[in-house]
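Chain residues, written in single-letter form:
There are 2 protein chains.
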Amino acid sequence: MIFALAASPAHTQTDALPSWNDGQAKASIVHFVEQVTKTGSPNYVPPAERIAVFDNDGTLWSEQPMYFQLFFAIDRVKALAPEHPEWKHKEPFVSLLKGDLKAALAGGEHAILEIIMGTHAGMTTTEFEQIVKDWIATAKHPTTEKPYTKMVFQPMLEVLAYLRANGFKTYIVSGGGIEFMRPWTEKIYGIPPEGVVGSSIKTKFEMRGGKPVLVRLPEINFIDDKEGKPVGINQHIGRRPIAAFGNSDGDLQMLQWTTAGQGPRLALLVHHTDAEREWAYDRKSHIGKLDKALDQANQRGWLVVDMKADWRRIYPDKSK
Amino acid sequence: MIFALAASPAHTQTDALPSWNDGQAKASIVHFVEQVTKTGSPNYVPPAERIAVFDNDGTLWSEQPMYFQLFFAIDRVKALAPEHPEWKHKEPFVSLLKGDLKAALAGGEHAILEIIMGTHAGMTTTEFEQIVKDWIATAKHPTTEKPYTKMVFQPMLEVLAYLRANGFKTYIVSGGGIEFMRPWTEKIYGIPPEGVVGSSIKTKFEMRGGKPVLVRLPEINFIDDKEGKPVGINQHIGRRPIAAFGNSDGDLQMLQWTTAGQGPRLALLVHHTDAEREWAYDRKSHIGKLDKALDQANQRGWLVVDMKADWRRIYPDKSK
Numbered sequence: 001m002i003f004a005l006a007a008s009p010a011h012t013q014t015d016a017l018p019s020w021n022d023g024q025a026k027a028s029i030v031h032f033v034e035q036v037t038k039t040g041s042p043n044y045v046p047p048a049e050r051i052a053v054f055d056n057d058g059t060l061w062s063e064q065p066m067y068f069q070l071f072f073a074i075d076r077v078k079a080l081a082p083e084h085p086e087w088k089h090k091e092p093f094v095s096l097l098k099g100d101l102k103a104a105l106a107g108g109e110h111a112i113l114e115i116i117m118g119t120h121a122g123m124t125t126t127e128f129e130q131i132v133k134d135w136i137a138t139a140k141h142p143t144t145e146k147p148y149t150k151m152v153f154q155p156m157l158e159v160l161a162y163l164r165a166n167g168f169k170t171y172i173v174s175g176g177g178i179e180f181m182r183p184w185t186e187k188i189y190g191i192p193p194e195g196v197v198g199s200s201i202k203t204k205f206e207m208r209g210g211k212p213v214l215v216r217l218p219e220i221n222f223i224d225d226k227e228g229k230p231v232g233i234n235q236h237i238g239r240r241p242i243a244a245f246g247n248s249d250g251d252l253q254m255l256q257w258t259t260a261g262q263g264p265r266l267a268l269l270v271h272h273t274d275a276e277r278e279w280a281y282d283r284k285s286h287i288g289k290l291d292k293a294l295d296q297a298n299q300r301g302w303l304v305v306d307m308k309a310d311w312r313r314i315y316p317d318k319s320k
Numbered sequence: 001m002i003f004a005l006a007a008s009p010a011h012t013q014t015d016a017l018p019s020w021n022d023g024q025a026k027a028s029i030v031h032f033v034e035q036v037t038k039t040g041s042p043n044y045v046p047p048a049e050r051i052a053v054f055d056n057d058g059t060l061w062s063e064q065p066m067y068f069q070l071f072f073a074i075d076r077v078k079a080l081a082p083e084h085p086e087w088k089h090k091e092p093f094v095s096l097l098k099g100d101l102k103a104a105l106a107g108g109e110h111a112i113l114e115i116i117m118g119t120h121a122g123m124t125t126t127e128f129e130q131i132v133k134d135w136i137a138t139a140k141h142p143t144t145e146k147p148y149t150k151m152v153f154q155p156m157l158e159v160l161a162y163l164r165a166n167g168f169k170t171y172i173v174s175g176g177g178i179e180f181m182r183p184w185t186e187k188i189y190g191i192p193p194e195g196v197v198g199s200s201i202k203t204k205f206e207m208r209g210g211k212p213v214l215v216r217l218p219e220i221n222f223i224d225d226k227e228g229k230p231v232g233i234n235q236h237i238g239r240r241p242i243a244a245f246g247n248s249d250g251d252l253q254m255l256q257w258t259t260a261g262q263g264p265r266l267a268l269l270v271h272h273t274d275a276e277r278e279w280a281y282d283r284k285s286h287i288g289k290l291d292k293a294l295d296q297a298n299q300r301g302w303l304v305v306d307m308k309a310d311w312r313r314i315y316p317d318k319s320k
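Chains A and B supply the protein sequences, listed in that same order. For the first sequence, position 120 matches number 120 in this note's numbering, and the numbering has no gaps at all. For the second sequence, position 48 matches number 48 in this note's numbering, and the numbering has no gaps at all.
None of these hints come from the bench; they were simulated from the model. Warning: the hint list may mix true and false statements.
Since the list gives no way to pick one copy over another, a pair counts as held whenever it fits inside one copy or between any two copies.
In silico lysine-lysine, DSBU-like type, Cα no more than 30 Å apart, as pairs [stated by the list, open to error]:
id, residue 1, residue 2
1, K318, K98
2, K289, K88
3, K187, K88
4, K226, K204
5, K226, K38
6, K289, K204
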């Protein structure tokens, strides 16, 4: 009896992915992990090479009605307005402070860049870390009224844990700001600061009162999106991933880069199909547009997760 | 008897640093590690925060009579010369191809940059990795006639292994090229590609014949030296190290950044004092100048390792 229990394979005893409905998506993930971890299997991959990369916005947490980092930036504009009287006469700040988000963002990428630089630069890295920690602990999403860290996807938390339990290193590779994510990814995703790759602004080493600080400069250092994702992966990790998880055209090159390696590969796209429990959007969305990558997924047999059908639950709280 | 063996602390049974002579340097390293790993100690540091950073040139391997990466670059100039007829009329290549290294390097940093860009850019990352692997497997140092990977410091290999055995993550933070180190650091130092921070040139994602590649461009991306080291640490690791190992003024800011954090810190400088077994140089050396950092070490009580007195052995082979 004891022998029978001990000999029974672990995966029949517990389900590592309880928030996934049974179906092709779940089965494919499990099959991939079993393949690469089984000693003697022709597709065995040594632990050191088990690198998995995850986009963040729309893949690990929601991204509607706009990227959560933009809500952070807008809250910062409001908080910093008293120190910036010039913002009363300067777009996009004028519109933003009036509460007219649509007008503020009418300037497109340039407007967003102005907002980011006005709110993310000028302080030390330590100060910025604290600002992010304070915000993420208190801010609530405008429509769900949940803290943003409760809008992470429970099925993906399970995938992260399942991969790590099988010897994988899990990385975030996001277009979002690296220093915006690091203060909370360890607690929320189990991904430490060194596992986060993202966009960044330049920093400068300075001595202040005999103490060294890194000052955040209003200058782009790196954009970790689209063609930038393989560049960021190479720069930070220096090894090609064997598994990549995304949800939009911003992840296309990361999935191409990952699947171009030899041996077994897993490429997965989260398709937002659930207007009731989350949001439904793809080819025509302004945020998280999924068009070219969806075509490639269909052509190349990448796994497309149908959020509505494949996910038993969306968020960690049990209500949805 | 079994109980007595099991209860005996591991460090009294085996010496983790056998190539270190007994003395203050060795004792300080061991004391630091015991402090931060002892549960309940006021100086206990959780494993996730046990980050140790190591300079490479002059700290983990030798760097005389010039940085080993420059020997690589020179070998590449010779190998590539047939494809570059214009080098016959262009410095520093003319002098280099004539074998007049002194004249070639008379142009200072600009000349070095020309040599690096002429030899490190233009190919894909995969191609460059193979070039480095081939070179490191065969090239020999001009005076010792050893392979370069046999000119790593045995006492430092022991420190790396000792720290990792005590839950540390060990990183290289070097002014050398990140892609020049990664192909061999895992085998030689036990440090995987993702544990290497270094200088870099820009890369560009491209599709070639339906396959994605990263092409190395002749454009500096980041210089991981002096003020750049804390910037590189923050960018890659995102956490302040608790231990830093260097040997020159290029490491000063890394040691300042590391020791400015709260709690126990270890800052160590390797002082090259052994003209017989290795090289002796410090304040006036052209390579690996140790001047300001030595003053700061003396003022601030950083550990200065006297290579001649503190190291029983220099290289892994038993001859020295």
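Hints, one by one, checked against the model:
Neither within a single protomer nor between protomers do K318 and K98 lie at most 30 Å apart by alpha-carbon distance, with minima of 37 Å and 74 Å respectively. Within a single copy, K289 and K88 get their C-alpha atoms no closer than 33 Å, and across copies no closer than 52 Å, so neither meets the 30 Å cut-off. Within a single copy, K187 and K88 get their C-alpha atoms no closer than 38 Å, and across copies no closer than 58 Å, so neither meets the 30 Å cut-off. In the homo-oligomer, the alpha carbons of K226 and K204 lie at most 30 Å apart both inside one protomer (27 Å) and across protomers (11 Å), since each shortest distance falls under that limit.
When the C-alpha separation of K226 and K38 is checked against a cutoff of 30 Å, the pair qualifies neither within a copy, at 33 Å, nor between copies, at 45 Å. For the identical chains of this complex, K289 and K204 are inter-copy neighbours only, at 23 Å across copies versus 35 Å inside a copy, given an alpha-carbon limit of 30 Å.
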